[in-house]
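Novice: Below are the chains, spelled out letter by letter.
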Amino acid sequence: MSGVSATHLIMFVASLLVAAGIAGTVVVEVNQMSSALETRGTHVAEEIETEIAIISDESQTDAIVDAENDTVTVLVKNVGSRSAPVDPTIVDVLIDGGYVPNEDVVSLERVDVDGSDTWRPGGVVEITVEREVSGDTEITVVVNGNEDSIRFHVQDAEDT
Amino acid sequence: MGFSTSGAVAVMLIGLMLAAGTLFPTLFAVGSATGDAFSSQSDQIRDQKNTDLEIRSAELENDTLTTNVTNEGTVTLELSSTDVLVDGQFVHPNETTVIDGDRETNETRLWPPGTELEIVIEDVDERFGGDVDRVKVVTETAIADAAAVETIETEEEEA
Numbered sequence: 001m002s003g004v005s006a007t008h009l010i011m012f013v014a015s016l017l018v019a020a021g022i023a024g025t026v027v028v029e030v031n032q033m034s035s036a037l038e039t040r041g042t043h044v045a046e047e048i049e050t051e052i053a054i055i056s057d058e059s060q061t062d063a064i065v066d067a068e069n070d071t072v073t074v075l076v077k078n079v080g081s082r083s084a085p086v087d088p089t090i091v092d093v094l095i096d097g098g099y100v101p102n103e104d105v106v107s108l109e110r111v112d113v114d115g116s117d118t119w120r121p122g123g124v125v126e127i128t129v130e131r132e133v134s135g136d137t138e139i140t141v142v143v144n145g146n147e148d149s150i151r152f153h154v155q156d157a158e159d160t
Numbered sequence: 001m002g003f004s005t006s007g008a009v010a011v012m013l014i015g016l017m018l019a020a021g022t023l024f025p026t027l028f029a030v031g032s033a034t035g036d037a038f039s040s041q042s043d044q045i046r047d048q049k050n051t052d053l054e055i056r057s058a059e060l061e062n063d064t065l066t067t068n069v070t071n072e073g074t075v076t077l078e079l080s081s082t083d084v085l086v087d088g089q090f091v092h093p094n095e096t097t098v099i100d101g102d103r104e105t106n107e108t109r110l111w112p113p114g115t116e117l118e119i120v121i122e123d124v125d126e127r128f129g130g131d132v133d134r135v136k137v138v139t140e141t142a143i144a145d146a147a148a149v150e151t152i153e154t155e156e157e158e159a
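From first to last, the protein sequence lines are chains C and A. As numbered in the working numbering, residues 1 to 160 make up the first sequence, in order. As numbered in the working numbering, residues 1 to 159 make up the second sequence, in order.
No lab work stands behind these hints: they were computed from the structure. Among these hints, one or two may not hold up.
[Claimed, not checked] Covered stretches of chain A (in silico footprint by chain C; criterion: 3 or more residues with CB under 8 angstroms from a CB of chain C, positions within the stretch not fixed): (1) 20 to 33; (2) 36 to 43; (3) 70 to 81; (4) 84 to 91; (5) 136 to 150.
Every residue gets a Cβ at the ideal spot worked out from N, C-alpha and C, and that includes glycine.
Using the sequences and the hints, build the whole thing.
Specialist: Structure below.
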């Protein structure tokens with residue numbers, strides 16, 4: 001009789017241990033998955049709320065392209081509901097599809113409110129990058145997954 | 001034998017319940033944040049659709065550029081988010097006046113529908129090195145209008 005009870009006891013303990021092991025693993029893994037979901041979800045919400053628009057006057061190519069210094073300047077407005085820091089690593093510029101590396105970004109500053117380092121909704125930022133452009137040019141600015149482009153034609157150096 | 005199965009099932013069910021307790025609140029929070037984001041995006045699109053402006057006149061006289069813009073939309077615009085570009089360059093105006101029929105004020109930051117905004121930029125020669133050709137006014141949703149500047153020569157020649 002006691003032999004049967006001992007067997008039962010051992011199997012009982014064993015099955016409880018297995019169950020506890022499974023339950024513990026499930027709880028830990030679901031915890032990790034839920035943190036990952038939260039990070040991903042808030043990132044998606046941020047991307048949806050971010051919206052920018054290039055407001056440079058496309059008819060005034062002289063204000064955009066500085067042929068003497070080989071720089072390109074665009075004005076970008078935050079028309080979304082989310083602020084962004086005024087930081088060259090957050091704002092990416094593509095000229096004719098080519099990425100402009102951070103060291104070619106000459107300046108990035110807010111022009112409607114001097115000296116601010118937060119690009120609030122409604123704020124305008126001026127980006128100047130070092131790049132020689134000519135002919136048909138397309139400039140794309142990307143912030144937090146949201147982008148806007150402008151296209152214009154740069155006359156070559158000969159004056160008409 | 002029977003009891004150990006029940007015990008094991010009980011432990012696993014408790015574990016699953018704890019897991020669900022962690023997962024579902026996160027799912028709801030993420031769903032809510034994404035829903036809010038879409039909602040503010042659609043608010044913005046609606047404001048953008050309801051925004052319209054037209055530059056009535058842009059005159060350069062006596063080194064002062066005066067631009068008159070009418071809010072033709074149905075949304076009140078905010079002057080702190082309205083930008084003026086002269087010849088493609090960002091400018092801070094010297095004075096902005098909202099004109100509503102007979103009344104006008106330069107103390108307000110609001111530009112209601114149907115009213116006119118007068119933007120005054122002084123010292124044009126000093127700021128731009130000569131005459132300017134084009135002015136562009138951009139609202140907070142990036143809806144903009146642009147016009148050519150009319151230079152008015154004054155009769156008396158000043159030295």
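Novice: Now tell me if each hint is right for this structure.
Specialist: Checked hints:
1. 20 to 33: Holds: 9 residues of the region 20 to 33 of chain A have a Cβ under 8 angstroms from chain C.
2. 36 to 43: As far as the region 36 to 43 of chain A goes, the hint holds, because 5 residues have Cβ atoms under 8 angstroms from chain C.
3. 70 to 81: holds (count 3)
4. 84 to 91: Since three or more residues must qualify, the claim that chain C covers the region 84 to 91 of chain A holds, with 5 doing so at under 8 angstroms.
5. 136 to 150: As far as the region 136 to 150 of chain A goes, the hint holds, because 7 residues have Cβ atoms under 8 angstroms from chain C.
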